[in-house]
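Undergrad: The lines below spell out each chain.
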Amino acid sequence: MSPGGTDTAVDLDASAYALRLGDDALVLGQRLCEWAARSPELEEDVALLNIALDLLGAARLLLSRAGELEGAGRDEDDLAFLRNEPEFRCGLLFEAANGDFGQTLARQLLVSAYQVPLWHALGSSTDEVIAGVAGKAVKEAVYHLDHARSWVVRLGDGTDESHRRVQAGLEEVWPYTSELFERDALLDRLVARGVAADPDLLLPVWEATVGEVLAEATLEVPQTTWRPTGGRSGRHLTGFGYLLAEMQHLHRSHPGATW
Amino acid sequence: MTAPPAPPTAAQVRTVLAEVTDPEIPVITIDELGILRGVDVQGGHVVVTITPTYSGCPAMQEIEADVRSALSGRGWDDVEVRSVLSPAWTTDWMSDAGREKLRAYGIAPPERRPAGPVLVALGRPRLVCPQCGSADTEELTRFASTSCKSLWRCRSCREPFDHFKAH
Chain A
1 MSPGGTDTAV
11 DLDASAYALR
21 LGDDALVLGQ
31 RLCEWAARSP
41 ELEEDVALLN
51 IALDLLGAAR
61 LLLSRAGELE
71 GAGRDEDDLA
81 FLRNEPEFRC
91 GLLFEAANGD
101 FGQTLARQLL
111 VSAYQVPLWH
121 ALGSSTDEVI
131 AGVAGKAVKE
141 AVYHLDHARS
151 WVVRLGDGTD
161 ESHRRVQAGL
171 EEVWPYTSEL
181 FERDALLDRL
191 VARGVAADPD
201 LLLPVWEATV
211 GEVLAEATLE
221 VPQTTWRPTG
231 GRSGRHLTGF
241 GYLLAEMQHL
251 HRSHPGATW
Chain B
260 MTAPPAPPTA
270 AQVRTVLAEV
280 TDPEIPVITI
290 DELGILRGVD
300 VQGGHVVVTI
310 TPTYSGCPAM
320 QEIEADVRSA
330 LSGRGWDDVE
340 VRSVLSPAWT
350 TDWMSDAGRE
360 KLRAYGIAPP
370 ERRPAGPVLV
380 ALGRPRLVCP
390 QCGSADTEEL
400 TRFASTSCKS
410 LWRCRSCREP
420 FDHFKAH
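Going down the list, the protein sequences come from chains A and B.
The first sequence begins at 1 in my numbering and counts up one residue at a time.
The second sequence begins at 260 in my numbering and counts up one residue at a time.
Some clues are possibly wrong.
Chain A side only, calculated, beta carbon under 7 angstroms to chain B, not exhaustive [claimed, not checked]:
1) A9
2) V10
3) D45
4) A47
5) N50
6) D54
7) G57
8) A58
9) G132
10) K139
11) R189
Sample of chain B residues lacking proximity to chain A, with all beta carbon distances greater than 10 angstroms (derived) [stated by the list, open to error]:
12) P346
13) A347
14) A394
15) A403
To be clear, the hints were calculated from the coordinates, so they are not data collected in a lab.
Nothing here was measured: the structure is a model prediction, and the numbers come from that model.
In this text, a Cβ means the ideal position worked out from N, Cα and C, and glycines have one as well.
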């Protein structure tokens, strides 16, 4: 039951873009799964894994689309399980370590405040599969944003200790946000064709959302000038290899295994 | 040898599929839920189109298998099940009969919502307890036993209940 057909025309630019979107969703979904049975309360276990499930669902469709547009016969499983670190195109924010609960929710706020306008814009992408995925994902991202916002406000405007820890978590992941709004030659071509969302239009929406939530949470906007980058070209954080090892080892150790 | 069954009409297929229920909420059919999007018969070839509720809904494969099984039971095996994403599923497609069945089953049905794109989070809806009818209810968690539901509690009868989220 894959979207699109087998006669899809090869489009390497659109494939590369679908891969970026799919890797973002897949890798953050995998990160969130680390909270299974470790959350502060049962409801949070369920919530974080529900968010992970939404992301995984989007990732499957986007990786399938990337494979179709690539035209080399790779399917979603090949792309998820048989690539090595430098072949992944996720942004650094999506792979950043969970840290404590506050840091995970701070990261989710920064991600979801980006994905809501991203999916909204991509709902009118000229790639019909990306548009279809986005039309569903935007509704889900609104829930994710609402959830992250309520926790960041509760922790930030909570006790001295919860405030201190969520501010520290925010400082930890904040540097990875500038990469979300970088332009490169691929994006220039795809924005011109109406396939990709224009990062210049996403940035002010993101800043407004995040600024509003942090103000309500009595948290400071981090003032760092460090702007690490590299995820889109396959240069990842140290922890990424461990994430892939856990995600891929079964498929690689037992090719074709079913149960 | 028995003769192969005559090819069905689309109406016959719809009648059979009207009995296929959601694997997670067995009181409501996939038609009432709004995820059965189309039936087309060309010659003996049956094409059933369904759409997922949420992107990661793990019930989709189960639903496909249930559709095939229901049609196979009538001898119709030349069946293709297609999954389409667009237009995106919305709880506005849920029928009134479906909503009433949810309520009777103990799940608060989704409220109807205004048309248009969703850019800001919705305020918390005011829900009526499907067990006792009280409006004195509160949300416990936005994410519950399945992607499509949230968990609530009634402050009058003290019972928890699921809410099918407006989506």
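Undergrad: So, for every hint listed, does it hold in this structure?
TA: Consistency of the hints with the structure:
no.: 1; hint: A9; in the structure: violated, 19 angstroms
no.: 2; hint: V10; in the structure: violated, 22 angstroms
no.: 3; hint: D45; in the structure: violated, 10 angstroms
no.: 4; hint: A47; in the structure: holds, 4 angstroms
no.: 5; hint: N50; in the structure: holds, 4 angstroms
no.: 6; hint: D54; in the structure: holds, 5 angstroms
no.: 7; hint: G57; in the structure: holds, 3 angstroms
no.: 8; hint: A58; in the structure: holds, 5 angstroms
no.: 9; hint: G132; in the structure: holds, 3 angstroms
no.: 10; hint: K139; in the structure: holds, 6 angstroms
no.: 11; hint: R189; in the structure: violated, 24 angstroms
no.: 12; hint: P346; in the structure: violated, 7 angstroms
no.: 13; hint: A347; in the structure: violated, 4 angstroms
no.: 14; hint: A394; in the structure: holds, 22 angstroms
no.: 15; hint: A403; in the structure: violated, 7 angstroms
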